[in-house]
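**Student:** Each chain, letter by letter, is given below.
There are 2 protein chains.
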Amino acid sequence: MARLKRLVLERLMRYHRLLSELTAKKPVQTITSAQIAKALDIDPTQVRKDFGAIGLQGMGRVGFEVCEVCRSIRVALGFDRNYEAILVGTGHLGGALLAYSGFERYGLRIVAAFDNDPSSIGGEIAGCTIKPLREIKPFIKAHKVRLAILTTPVDVSQDLAFRLVEVGVKAIWNFTPTQLIVPWDVLVRNEHISIGLSEIAYHLKEQAESEDEWTFLDT
Amino acid sequence: MARLKRLVLERLMRYHRLLSELTAKKPVQTITSAQIAKALDIDPTQVRKDFGAIGLQGMGRVGFEVCEVCRSIRVALGFDRNYEAILVGTGHLGGALLAYSGFERYGLRIVAAFDNDPSSIGGEIAGCTIKPLREIKPFIKAHKVRLAILTTPVDVSQDLAFRLVEVGVKAIWNFTPTQLIVPWDVLVRNEHISIGLSEIAYHLKEQAESEDEWTFLDT
Chain H
6 MARLKRLVLE RLMRYHRLLS ELTAKKPVQT ITSAQIAKAL DIDPTQVRKD FGAIGLQGMG
66 RVGFEVCEVC RSIRVALGFD RNYEAILVGT GHLGGALLAY SGFERYGLRI VAAFDNDPSS
126 IGGEIAGCTI KPLREIKPFI KAHKVRLAIL TTPVDVSQDL AFRLVEVGVK AIWNFTPTQL
186 IVPWDVLVRN EHISIGLSEI AYHLKEQAES EDEWTFLDT
Chain B
6 MARLKRLVLE RLMRYHRLLS ELTAKKPVQT ITSAQIAKAL DIDPTQVRKD FGAIGLQGMG
66 RVGFEVCEVC RSIRVALGFD RNYEAILVGT GHLGGALLAY SGFERYGLRI VAAFDNDPSS
126 IGGEIAGCTI KPLREIKPFI KAHKVRLAIL TTPVDVSQDL AFRLVEVGVK AIWNFTPTQL
186 IVPWDVLVRN EHISIGLSEI AYHLKEQAES EDEWTFLDT
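From first to last, the protein sequence lines stand for chains H and B. Sequential numbering of the first sequence, starting at 6, is according to the numbering used here. Sequential numbering of the second sequence, starting at 6, is according to the numbering used here.
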């Protein structure tokens, strides 16, 4: 199977979420690409193409079997495997991620949290004890952890990334604004919490401007 | 100027962040589209096209003036305006968003937080007192708030969205997994905190599989 690109992976994730939600509400046996496309505001051809890329074929007008689609997506994306992660930086966002219970359905379990703030170390968030940063390398080696979640301040994240990669981390989920430099075989997934504001601020601006126009016409 | 599409807005946001970071580190006068493209792993033609869409023109080999680019993006996206938001649902994620100080640079200020949990109401997060949910409609009307941030449990979010829209909310930043139904002139921006896991899980799966192959060859 050809290597899947990032945007395909993200769309597969959206299909999976949609179908999980649907089936949580009521039993659904089959669904068409048109129905999925409409719910997610995507082109139906795109949906069929993405499904084709992971070996799914529809049954004419009947569409796709929901269970089969979910299962295929889980296998293609690797959610049927379990992978452990450590989290570094236990501020508000780190705490929110630790407490979030939705990751397990994607195979992810956060097994340890680290911080260098003495007032946080030894504390507990969502059942996870916060360990001192100096224990991070032995921990990763001992537990063969390959994923690290970074929610640290900007100035420490690059140095941390170097140290993590040294002991075998192969993927970094980066919630800091730093563009990390890593070896070619390490994946950095950058999350930019404010990015949605580009769309929101623009929408509010456009609306305010069109309201101004109407007010102008009124006078 | 033509209406900008979502992906253009998001790329403009990425350019803005990159340039803010660069200038925070050292004074930078000019930058070329090739340099920006390389730093963000985007095609240089795309960068020039996006800049063109907001009226920016480069100066041949010298490239673009960094200040000018930042200013143009801020104006195009509406970050030079101030807009107030309310937040509903003050669990871990809600608390993280309240405490995050990075939104103000994009014009956003969270002016009130609401919850229906009696043990949270009256408490304070990052200087913001948590109000009871029943006060939400009068508050929005009185303060003419047009943006709401939702970090509520799934089962209440659609009902809440209806109520918010009734009193004038024009944009919803939706951190819940619910696909909200709203009138056409209201923007819903869905954030899907787990979406990055599609790329991460897939990368780890591919790596594990290629490691297995090597092990197989060794035997």
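Mixed in with the good hints there might be a few duds.
[Stated by the list, open to error] Computed cross-link-like contacts, DMTMM-like style, restricted to lysine to aspartate or glutamate with a CA-CA straight-line distance of at most 20 Å:
(1) Lys10(B) - Glu70(H)
(2) Lys149(B) - Glu218(H)
(3) Lys31(H) - Glu70(H)
(4) Lys10(H) - Glu196(H)
(5) Lys30(H) - Glu73(B)
Keep in mind the hints are simulated off the structure, nothing from the lab.
**Student:** Confirm or reject each hint.
**Tutor:** Verification of the supplied hints:
no.: 1; hint: Lys10(B) - Glu70(H); result: violated (33 Å)
no.: 2; hint: Lys149(B) - Glu218(H); result: holds (19 Å)
no.: 3; hint: Lys31(H) - Glu70(H); result: holds (15 Å)
no.: 4; hint: Lys10(H) - Glu196(H); result: holds (17 Å)
no.: 5; hint: Lys30(H) - Glu73(B); result: violated (50 Å)
Checked against the numbered hints above, the structure violates hints 1, 5; every other hint is satisfied.
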